[in-house]
Amino acid sequence: MGSSIMSLATLRAPFSIGAFALLLTCSAVPASLAEDLSEADRALSNVVVAGETGNGAPTAWLGETPHFVMVGKLGDFEFNIQLTDMAKSTDAKLVAKREYVPVGDKLTYADFEIALDLITNGIERSFELEFENADFSEHLPPAEFALQGENFPAGLLSNFEIESEWEWAEKNLIVNDERLASAGTLATALETGELNADHIADNGLIGGFVSAKFGEDALVVSFTAPVAEAEIDD
Amino acid sequence: MTRFACAFILVVTALLSPLVFAAALAADPPRVMVTAVTETEPVDADPDDPAIWINTDNPAQSRVIGTDKQYGLLVFDLDGKIVQRLPDGKLNNVDIRQDVDLGGSKVTLVAASKREDNTIVLYTVAADGTLQHATPFAFPGALRDIEDDIYGIGLHVAADGIPQVIVNFKTGDVVQWAVAADATGQLSLTLLREWTVPSQPEGIVADDELGFIYVGEENGGIWRFEADPQKPAEGVQIDLVGSACLATDDVEGLTIYKTGPQTGYLVASSQGDNSYALYERQPNEAGEQSCIGSFSIGTGATDPVGETDGLDVTALPLGPLYPQGLLAVQDDRNEGFTRNFKFVSWQEVTKALNLGIAE
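These protein sequence lines are chains A and B, in that order.
The first sequence begins at 8 in our numbering and counts up one residue at a time.
The second sequence begins at 22 in our numbering and counts up one residue at a time.
Hint data in this document are derived by calculation from the structure and do not stem from the laboratory.
Treat the hints with care, as some may be off.
[What the hints assert, rightly or not] With a straight-line Cα cutoff of 16 Å, these simulated EDC-like cross-link-like pairs (lysine to aspartate or glutamate) come out:
{"no.": "1", "chain 1": "A", "residue 1": "K104", "chain 2": "A", "residue 2": "E236"}
{"no.": "2", "chain 1": "B", "residue 1": "K279", "chain 2": "B", "residue 2": "E230"}
{"no.": "3", "chain 1": "B", "residue 1": "K111", "chain 2": "A", "residue 2": "E238"}
{"no.": "4", "chain 1": "B", "residue 1": "K90", "chain 2": "A", "residue 2": "D240"}
{"no.": "5", "chain 1": "B", "residue 1": "K90", "chain 2": "A", "residue 2": "E238"}
{"no.": "6", "chain 1": "B", "residue 1": "K111", "chain 2": "A", "residue 2": "D240"}
{"no.": "7", "chain 1": "A", "residue 1": "K104", "chain 2": "A", "residue 2": "D240"}
{"no.": "8", "chain 1": "A", "residue 1": "K220", "chain 2": "A", "residue 2": "E85"}
{"no.": "9", "chain 1": "B", "residue 1": "K191", "chain 2": "A", "residue 2": "D241"}
{"no.": "10", "chain 1": "B", "residue 1": "K111", "chain 2": "B", "residue 2": "E137"}
{"no.": "11", "chain 1": "A", "residue 1": "K80", "chain 2": "A", "residue 2": "D224"}
{"no.": "12", "chain 1": "B", "residue 1": "K90", "chain 2": "B", "residue 2": "D170"}
{"no.": "13", "chain 1": "B", "residue 1": "K191", "chain 2": "B", "residue 2": "D169"}
{"no.": "14", "chain 1": "B", "residue 1": "K111", "chain 2": "A", "residue 2": "D241"}
{"no.": "15", "chain 1": "A", "residue 1": "K220", "chain 2": "A", "residue 2": "E137"}
{"no.": "16", "chain 1": "A", "residue 1": "K113", "chain 2": "A", "residue 2": "E145"}
{"no.": "17", "chain 1": "A", "residue 1": "K100", "chain 2": "B", "residue 2": "E356"}
{"no.": "18", "chain 1": "B", "residue 1": "K191", "chain 2": "B", "residue 2": "D166"}
{"no.": "19", "chain 1": "A", "residue 1": "K220", "chain 2": "A", "residue 2": "E168"}
{"no.": "20", "chain 1": "A", "residue 1": "K113", "chain 2": "A", "residue 2": "D241"}
{"no.": "21", "chain 1": "A", "residue 1": "K100", "chain 2": "A", "residue 2": "E236"}
{"no.": "22", "chain 1": "A", "residue 1": "K80", "chain 2": "A", "residue 2": "E185"}
{"no.": "23", "chain 1": "B", "residue 1": "K191", "chain 2": "A", "residue 2": "D240"}
{"no.": "24", "chain 1": "A", "residue 1": "K80", "chain 2": "A", "residue 2": "E168"}
Remember, it's a predicted structure, so these values are computed and weren't measured experimentally.
Bound conformation, chain B alone:
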């Protein structure tokens, strides 16, 4: 790429988006590099999105649940070994909520988006981390036909304790459902709300405590919506592709690192430049959530992470290797022409970006 061409791109970008141009003039947030602690076994076909299950009795025995878009779900231990395979079809994204009140019981709920039939599939997780199909297992992703595939999925537990599942479609449609269970444990979904984003989304994450739903528009940026389905789905765009932290498309996974009930970071994976951007979790008075930095995952105990996709993070300590929690990310270019997931100690992110969280 010549300097002229880069300059040309910047000029075009600036003309297309004054916001991007303004952001470019501001001081760039820091960008640093960290390394992974370990990696999973290669995934046979096409991994995309992880979700972390916390073993509260023995955190070091927690699990990472990962989608394989050609196969279903794979469950990994923290050494990266596959401990369970669920051949349930083309599952694109996955999310988890633990200790959810459903039908009078505490349940750990896992939801995944299934592309071949545009359904939401639900699992429960046993005390040892084993996944099992919920009953029923599959639900339509929308009440009407939507032309293109179901894509991203996120779980949310509202202030009233009712769990919700939010899905998006490649068309930009977003559908929010309430999850309920009867006394026998049979699950049901009730439509709460639908809205759209301008172009193809994927990543979804809900901030249960602050009552937000974030949607990543792959070529556009990151949107914030009020999670309350009674409120209008008026999105606030907190960052745009082309900014210092989302230099190029795609915005992929979204997750939240919680340092307190209302503090922490929204973390977004930026596929085009192999990086992860951190935003303030709490909007300021103007409703803005500034990007405070970004990082890449370089060569260390593993190969680097390239063309990354989904991600999940927990702030809970998961044993001595993850004292400030675990970040799990998809790696699209693993050694041997394979793909897998990499596990990063959040403590390294804290140090590299000087986030000031006590060790």
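Chain A on its own, in the form it takes in the complex:
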């Protein structure tokens, strides 16, 4: 199998090279365990299509209505997810999470995650997009961050990691793919919410547009997601 998916066998294989981590996916299970997928099965698994797919790839943020649009390619996987209005999406759930880190007597807004659970072709799939900065609250929207590999970078820089996971029980197939963007931009467009008693915002919305490169592959994503959770990572 040349694909990065196989029966109970797709592997996360992060290998750090210098300060920049390339997160790669590699099949490493004896072929005797691999349940070869037909071309049709391969397409069902690897080509993720949802929503109004005639819209094409976005070139900018699509607005305040909660949505998730992701178009592009990552390794063996092709994405054309066009959930332009989450209120109309019965097979998908979109939430965001903020994470704060105590620095001295201050809480820095160091991380946010956009998580999508989606059923397509009868397969339950999960996507998690995670962005890091030394303190996003110092760069309120609209702001544009250059994507790079360092964790929690200061200034107008961000780290962006995407994790794609699904399990196709009928085919004994498990996919777990994590990748770190090597270049691109994050344009934040929306940050709403009120601080709770712990001085963190576990409500409101996060919106933005990402154009990211992963080596030779590329993705564009527009999102506006309701924040369902916030935590202090101490």
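Fit chain B to the supplied structure of chain A, relying on the hints for placement.
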């Protein structure tokens, strides 16, 4: 992934670790697939680690105690139904020892690592499998401030019969404590020893009979230490991430399947490739414990197990469904975007890996 990229990874790995490269040249241990007998109810938030309580009077009524990292502990019967909930906080890992001598009584002791305050919390188990808080309930995980969370936990009963609890922290610190009780049943912990592993550990298991403590270093491999706190904590690395049996990180749970007083298998969960590796329990003369095979849990009566985490095993028969014992594992991708624990009959592992244990 292209073949070029895979080849590139292998080359880099080989350059980084001659041991891994040597292992790659050796014949790979077999890898097989088994299925689960059943699964638990979905766990509300974030299950991690199970521990098996044996009902010696009625083995089929045994229990599996599981952590939920956002909630506390959940206790399941062997049908997977939740029979007790203990909302005790962010409990990460759990372990159990039955019939421990404490304060002149035989006690079943359960220990869990609590992340929000870096404590060890202790429970006792009643004859019907019901957990109750020990007194006191919580103890500091270390005598000094450690920068990051408490993480893994294991119990050990030394040759002198004194129970011990061993915890590790995300920093790599490992702390070994002795547990004692006074005549009223009040528990106390006494520090025995501290040491470190190079990077973030989690899984811990003690081999009571052979006197070893195993620590899983998530991105590194599996370490073996002498359990005797009087001995230096000089670790022996019995396998490395990148080997045939631990193809990629993380090393997660560790447990021991005992086929006899000194025989059996060390079992490790390998999260990155959704599998479980078996090592010889008894080191050879060179101190090595070879990997004899690994297995995944595929589709059967349940969905497959993906991105697995903690695990526990017993060799004791637990009724007709588990004649050679039960393996309980965490499943991070359960149907309906949930997580739970899966229960596997060890007999199926025996058959699939041709382990030669009499049926």
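Now for the hints, and whether the structure bears them out:
no., hint, verdict
1, A/K104 <-> A/E236, "5 Å, holds"
2, B/K279 <-> B/E230, "10 Å, holds"
3, B/K111 <-> A/E238, "13 Å, holds"
4, B/K90 <-> A/D240, "14 Å, holds"
5, B/K90 <-> A/E238, "14 Å, holds"
6, B/K111 <-> A/D240, "13 Å, holds"
7, A/K104 <-> A/D240, "12 Å, holds"
8, A/K220 <-> A/E85, "14 Å, holds"
9, B/K191 <-> A/D241, "12 Å, holds"
10, B/K111 <-> B/E137, "6 Å, holds"
11, A/K80 <-> A/D224, "6 Å, holds"
12, B/K90 <-> B/D170, "12 Å, holds"
13, B/K191 <-> B/D169, "6 Å, holds"
14, B/K111 <-> A/D241, "14 Å, holds"
15, A/K220 <-> A/E137, "15 Å, holds"
16, A/K113 <-> A/E145, "12 Å, holds"
17, A/K100 <-> B/E356, "15 Å, holds"
18, B/K191 <-> B/D166, "13 Å, holds"
19, A/K220 <-> A/E168, "11 Å, holds"
20, A/K113 <-> A/D241, "12 Å, holds"
21, A/K100 <-> A/E236, "14 Å, holds"
22, A/K80 <-> A/E185, "13 Å, holds"
23, B/K191 <-> A/D240, "13 Å, holds"
24, A/K80 <-> A/E168, "14 Å, holds"
In this structure, none of the earlier numbered hints is contradicted; all agree with it.
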